[in-house]
Amino acid sequence: MKLNSRKLWNFKGGVHPEGHKSLSNSSAIKDAKIPSVLVLPLQQHIGAVANPLVVPGQRVLKGELIAQGEGMVSASLHAPTSGTITAIEERPIPHPSGLMDLCIILESDQEDRWCSLNPIEDPLQLDADAIREAIRAAGIVGLGGAGFPAHVKLNPGAHTEVDTLIINGAECEPYITCDDRLMRERAESILCGIEIMARAISAHHILIGVEDNKPEAIAALNRALQHHKQSRIEIVTVPTLYPTGGERQLIKVLTGKEVPTQGIPLDIGIVCHNVATAARVEQAVVHGRPLISRVVTVSGEAIPRPGNYEVLFGTPMADLIAEAGGTIDQQPATIIMGGPMMGLPVTDSATPVTKTCNCLLIQPVQPRPTLHQPCIRCGECAISCPAQLQPQQLYWHARAKEFDKVQDEHLFDCIECGCCSWVCPSQIPLVHYFRFAKAEIWSQEREKAAADIARERHEFRQLRIEREKAERAELMKRKKAALAKKKKSGVSGSKESIAAAVERTKAKKAALAAKEAKAATEPSAPPTPPPDATENRTDEGEQREI
Amino acid sequence: MIPHQPLSSPHQHGSAALDRVMIAVSIALIPAFITHFTLFGWGIITNLLITIPAALGSEALALWLRRRPILPTLADNSALVTALLLALILPPLSPWWLLVTGAVAAILFAKQIYGGLGYNPFNPAMVGFVVLLISFPIEMTSWQAPLVNSDHPLTIIAALNWVLFGELPPGILFDSMTMATPLDHLKTELSLHHTISEVRTDGTIFGVVAGASWEWINLAILAGGLWLLQQRVIRWHVPVALLGTLALISTLFYLINPEIYADPLFHLGGGGAVLGAFFIATDPVSGATSPKGRLIFGAGAGLLIYLIRVWGGFPDGVAFAVLLMNMAAPTIDHYTQPRVAGHQRGEMHR
Ligand code: SF4
Ligand code: SF4
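Going down the list, the protein sequences come from chains A and B.
FYI, in this note's numbering the residues of the first sequence are 239 to 784.
FYI, in this note's numbering the residues of the second sequence are 9 to 358.
Treat the hints with care, since some could be wrong.
[What the hints assert, rightly or not] With a straight-line Cα cutoff of 25 Å, these simulated PhoX-like cross-link-like pairs (lysine-lysine) come out:
#	chain 1	residue 1	chain 2	residue 2
1	A	245	A	467
2	A	250	B	300
3	A	643	A	245
4	A	250	A	643
5	B	195	A	643
6	B	300	A	495
Keep in mind the hints are simulated off the structure, nothing from the lab.
Full structure from sequences and hints, please.
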């Protein structure tokens, strides 16, 4: 067992917001009540939407597969409790767009009866494919906030060597303590899950990074590690600095390496997972339990009993808030899914808890200043930016809608961590401008792609019409020539007529072949679908693992 | 000003606020004002009494003309800081019209015409100063003598009477109250081929390291500047680079010939170098933004101050040096952007 014998690196920038962790980190994880109705969005992950396997009226048991992940990057969905499917319909989901999306509605019978499970005796004897399959079947996604299907990240491909598996226990966002509690209470399960994941990717080194504001969690992990005598797992205490829990930032701190822009950690031989994901991998592989619940921090100044809850997916946020005592004096409050730095405001308290919901922050409604001051170019934002961008320049161009310049300033390297807005003395909502610019650029690119396809189609059509015209003219010419020949020769010589017939069929064949050849080059369907909303989520979500 | 969009993270904010930054800068100038008052009398107070309303008034007028919210903008306190700086850099007991012209030039022409705070390419106070220096060279070089050298210090009433109406108590001539500033005096004497050791024997003008009385004010400014650093209102790059460069180059020439080149302490402690380093060249709006850029900005200003003082046509060069560097700031910023994480160095664009 090694304890911080490791050299640590720094990433540039970062801020020190007040942690507010003590609000919720002192009480143990409680099971939240089974709600009477669960709302299960078909997409709670990055990638393709899951395909529902149930119909309204159908009874399901806890843990039963109710929607199948489709394609390479997707995740399956399981019934969080037993009950009856009542509908598959559009409901509000937690997403920046604020749009509705298809959800399976499950009315619980409060019996919470499990379906039959397939526990595995000795998971460390499984081969990599079997581990990935078990994780895929359990519908596990990254629980740190991104929601990227876990089995995909555990599949580096036959020719890629994984040097280091990094387990993210930094939990740098203020208020959030679900990973902290999980490490304190389920360290054994986390370590076991890590061993399983490391086996799937044959990682040479395993590092768990935990911020030094969680000494109890670090102690618990170390205690549990004593039982893993042969383990290569190293628990590394990292300094508390937001956003150390960002994937790129944690990798930099632990290894000194930088993930290339546009790249993924695997490009530099690193795979990164969250502690909570590791715990669920253990549940899935060892006990055969699919991912149907997660630990959610319910915190904030507007509720009387902040704490951590094991919550079934699909539980309406209102139910969970009621469980935490409701808002103090029934006052109106703002609900934020996630932490104060990157969280998503929730406008409808009926929105369900999903796989990526690590925290509900319930705050008294604060009157936001309606105006912000102008940028004074103080550069504090640039100093705080972990991506080393120039937020004041990005802001300048984004506001002027100069979308090419804003990309020249590397807008798409922005991880939307919020440090720049947090430090800005003029209180400019910088991240808001950056999101706006990104959304505009995406929609412009979509339009352009659609226009390109339309143009190509048009050009092909013109080409086809012209070709057909030419072919028809050629055919007519030949027919005429043959006719003239025939007339000339007067009586139809049998030899000649045969030759002419052969000629005709040849011409027809040639025309047909030409047509076929042309058809093959013509795109029958648009070559690549324009990037749609889900792809945008991929970009965004990948970076949100904090 | 743009309406706040409420639905975007982050949902909390650090403690930094523009108005508080400006207030901190104002507070940091208080020791200088007190020292100034103690050593020179009411002149600084009459300056303040006129520059503050003049600056705030011009700002309000410009905002009204531009149909912008007046009170919220005045509350950012940036016009106040400009007024305080002007009061400090203009000769004490300056006539009211000089002060008002300076404030109007600073606020209207150097700031609001460009679109207000954040859009001004030049430091407003420096523009005001230079406009006055060029238009009213006599008034701008009539510096009051320290109280210790003055037989009849003016009362506040007499001072106001002079500033507002140009009337002095009978028997007192304004010229009798003024005295050349140390930098000015040195320049004149050197041009008459006197050596520095000859010049500096005059104890009424020169103090321990630089100008008598002036060096104490600069010490007070330094204290305020260090406090700003400690409060993280300003960053160290500009002051260190500016004063460092000035010290370095003045040492160099001093070592070459101490009889015609003043020593580094004289350059640091005399004139406006300290004020420039901590309060003027650190103005973020008109300066460079990146840390490396600020080092270059500060070093450039330090170098220019020396060049202007020694070989230029004006006794002090802080204002011109800062304005020249203001012009260079966008270029400096362009070439000093830090490497974006995950990119190779030198890879500037997509
Ligand atoms: S922190 Fe705010 S005021 Fe300062 S440079 Fe950045 S955007 Fe401008
Ligand atoms: S939100 Fe983007 S620009 Fe702002 S600090 Fe984070 S990465 Fe930098």
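Review point. Taking each numbered hint in turn, which are not upheld by the structure, reported in ascending numerical order?
Key: When the structure is compared with the hints, numbers 3, 5 turn out to be violated.
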